[in-house]
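Peer 1: Sequence:
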Amino acid sequence: MSLGVVMLCHTALNRAAQVARHWAENACPVVIHVDSRVPQADLDAMKAGLADLPDVLFSPRVACEWGTFGLVEATILAATRMLEQFPDVSHVFLASGSCLPIRPVADLKAHLAAHPDTDFIESVTTADVGWTVGGLNKERFTLHFPFSWKKQRRLFDAYVRLQRRLRIQRRIPEGIVPHLGSQWWCLTRRSLEAILTHPDRPRHDRYFRRVWIPDESYFQTLVRRVSTRIESRSLTLAKFDFQGRPHVFYDDHLHLLRQSPAFVARKIWPQADLLYRTFLGEDDQKRPAPNPGKIDRLFAKAVERRTRGRQGLFMQSRFPTWGRGAKCSAGPYGVLAGFDELFTDFRPWLTRAAGARVHGHLFDPDRVQFAGGETVFKGGLSDSATLRDYNPQSFLTNLIWNTRGETQCFQFGPGDVQDIVWFIAEDPQARVFIVSGAFAVPLWRSGMSVAEVRPLAARMQKIEADLIARLESPWTKAQVRRWTLAEFLENPAEPLQQLLDDLNPRSSHRVTDLPQLVPLRGFGDFVQDLRNQGMLPVLIGDIDASLDTAPETLPTARLRVVR
Numbered sequence: 048m049s050l051g052v053v054m055l056c057h058t059a060l061n062r063a064a065q066v067a068r069h070w071a072e073n074a075c076p077v078v079i080h081v082d083s084r085v086p087q088a089d090l091d092a093m094k095a096g097l098a099d100l101p102d103v104l105f106s107p108r109v110a111c112e113w114g115t116f117g118l119v120e121a122t123i124l125a126a127t128r129m130l131e132q133f134p135d136v137s138h139v140f141l142a143s144g145s146c147l148p149i150r151p152v153a154d155l156k157a158h159l160a161a162h163p164d165t166d167f168i169e170s171v172t173t174a175d176v177g178w179t180v181g182g183l184n185k186e187r188f189t190l191h192f193p194f195s196w197k198k199q200r201r202l203f204d205a206y207v208r209l210q211r212r213l214r215i216q217r218r219i220p221e222g223i224v225p226h227l228g229s230q231w232w233c234l235t236r237r238s239l240e241a242i243l244t245h246p247d248r249p250r251h252d253r254y255f256r257r258v259w260i261p262d263e264s265y266f267q268t269l270v271r272r273v274s275t276r277i278e279s280r281s282l283t284l285a286k287f288d289f290q291g292r293p294h295v296f297y298d299d300h301l302h303l304l305r306q307s308p309a310f311v312a313r314k315i316w317p318q319a320d321l322l323y324r325t326f327l328g329e330d331d332q333k334r335p336a337p338n339p340g341k342i343d344r345l346f347a348k349a350v351e352r353r354t355r356g357r358q359g360l361f362m363q364s365r366f367p368t369w370g371r372g373a374k375c376s377a378g379p380y381g382v383l384a385g386f387d388e389l390f391t392d393f394r395p396w397l398t399r400a401a402g403a404r405v406h407g408h409l410f411d412p413d414r415v416q417f418a419g420g421e422t423v424f425k426g427g428l429s430d431s432a433t434l435r436d437y438n439p440q441s442f443l444t445n446l447i448w449n450t451r452g453e454t455q456c457f458q459f460g461p462g463d464v465q466d467i468v469w470f471i472a473e474d475p476q477a478r479v480f481i482v483s484g485a486f487a488v489p490l491w492r493s494g495m496s497v498a499e500v501r502p503l504a505a506r507m508q509k510i511e512a513d514l515i516a517r518l519e520s521p522w523t524k525a526q527v528r529r530w531t532l533a534e535f536l537e538n539p540a541e542p543l544q545q546l547l548d549d550l551n552p553r554s555s556h557r558v559t560d561l562p563q564l565v566p567l568r569g570f571g572d573f574v575q576d577l578r579n580q581g582m583l584p585v586l587i588g589d590i591d592a593s594l595d596t597a598p599e600t601l602p603t604a605r606l607r608v609v610r
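Just so you know, my numbering puts the end of the sequence shown at 610, numbered straight through with nothing missing.
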């Protein structure tokens, strides 16, 4: 049994020459096709470096552009020369210049000797293909593709849309059942000769010249007409990302490649000195047992990480888009609306009770109110409102990401910049607690007359109503708890206990003290005066005009203790 290797080279000819020498020194004749777009000087240097190897030949050159028939034509030219010049070759292995043997060549020869009549080529019908990216499966065989996808993308897309609109359908030649598969195969001499010398080959070539990406369908389709035994898999390890681009292997993939059951891997980074030195320079006797399941899991995880990123981490290469990716923060955080207005010492109390970092109004129009009055917070976050408002979502997600492991809480209300509300509503990590109508308490305590306060209260009520509508809409993913001010004042202890339970559900909260409620004697009369002035304070709730709530009257009897 003799193995011949056809290599399609486009770049990094020095590495391709290194691999060709490895094949030849292991008694495998090699025929190399070099893309005609490669400078002649580079080709001459490659030929000079391999001149001492009589079993390394070069085939006529054609231009090889991705997605076009040039790749098939290059393969045909090189394979034809292989069959003509090396009559003893029983199997032909197709590889690229960036492929690297990752198991001893003797193992590959032994495998082929054990399966002398088997063609190893991935070949499945279009109905069974699940890996194509770009929306063209069967259409690549029934539409015309005269334009380059890379160089003439607008013409390519426009012509596809036109053919779809006019319902143009190319006739598939009789006897052809389209199949797809990996470009990299290993065929027996008998099958390859049958394809190249088939009497219908001119008709086949004319048809496939207008097929999109024919290198993944030409041999994969025609081998079905001539082969006696097909094993529909490639002996080459080639993994692709979610956009259909091949994964590149680097030096730190050495351990992974050692576990692959494949004989060749592509695509290898040209500067991966360790990989080339390891697989071309040693017999690799310490190879661990192949573990293809682990490799598949790792690449599946890589695709997930590439498309979804890490929860709460946003960066240029992994920024989430609609329909893909996780639009959420790195961890749970609390958004508190109305509590700061009702209690004189709410922030220090919540810090002690929940073990959280409690900020002021992070989205205050004037400046960011970090906890402790800091001007620069973790991760270099500035208290500048201008910098924050340039990208409020990134500001918030950075704050949560930089403090992973510590619960963050901040105050929010109708007086803050509202641009962040849409993100909070969509963030499943947000825990939102609202005492609606509490914005009226600072207005009441301001000393202004009811006539002066009424337009301010109406405007703030409108803003808070919009805030609540967004947070309580059906598509909201945040956890939202809301009480009207009247409901909250009936028994403040119960909402506060719920707040602690939600912010830190794993901790047992045994609250022995409560925050100091601001004196509200006379607030009921203020609310009635707003009604008398023509404003309907619906978010406040039904507060009795005789409300007389002083700090010492805060109820504690109904406080629930979580064990």
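For the record, the hints were derived by calculation from the structure and aren't laboratory data.
A hint or two may mislead.
No more than 30 angstroms apart at the CA atoms, straight line, and that leaves these computed lysine-lysine pairs for BS3-like [said to hold, decoys possible]:
id: 1; residue 1: Lys197; residue 2: Lys156
id: 2; residue 1: Lys374; residue 2: Lys94
id: 3; residue 1: Lys156; residue 2: Lys314
id: 4; residue 1: Lys348; residue 2: Lys314
id: 5; residue 1: Lys286; residue 2: Lys314
id: 6; residue 1: Lys348; residue 2: Lys524
Using C-beta positions, here's what the derived DEER-type ranges look like [to be verified]:
id: 7; residue 1: Trp469; residue 2: Pro502; range: 25 to 31 angstroms
id: 8; residue 1: Gly494; residue 2: Val585; range: 35 to 41 angstroms
id: 9; residue 1: Thr172; residue 2: His245; range: 29 to 35 angstroms
id: 10; residue 1: Leu209; residue 2: Asp549; range: 35 to 41 angstroms
id: 11; residue 1: Asp466; residue 2: Val350; range: 30 to 36 angstroms
Glycine included, each C-beta is placed from N, C-alpha and C at the ideal position.
Peer 1: Which of the numbered hints above does this structure break?
Peer 2: 1, 2, 8, 9, 10
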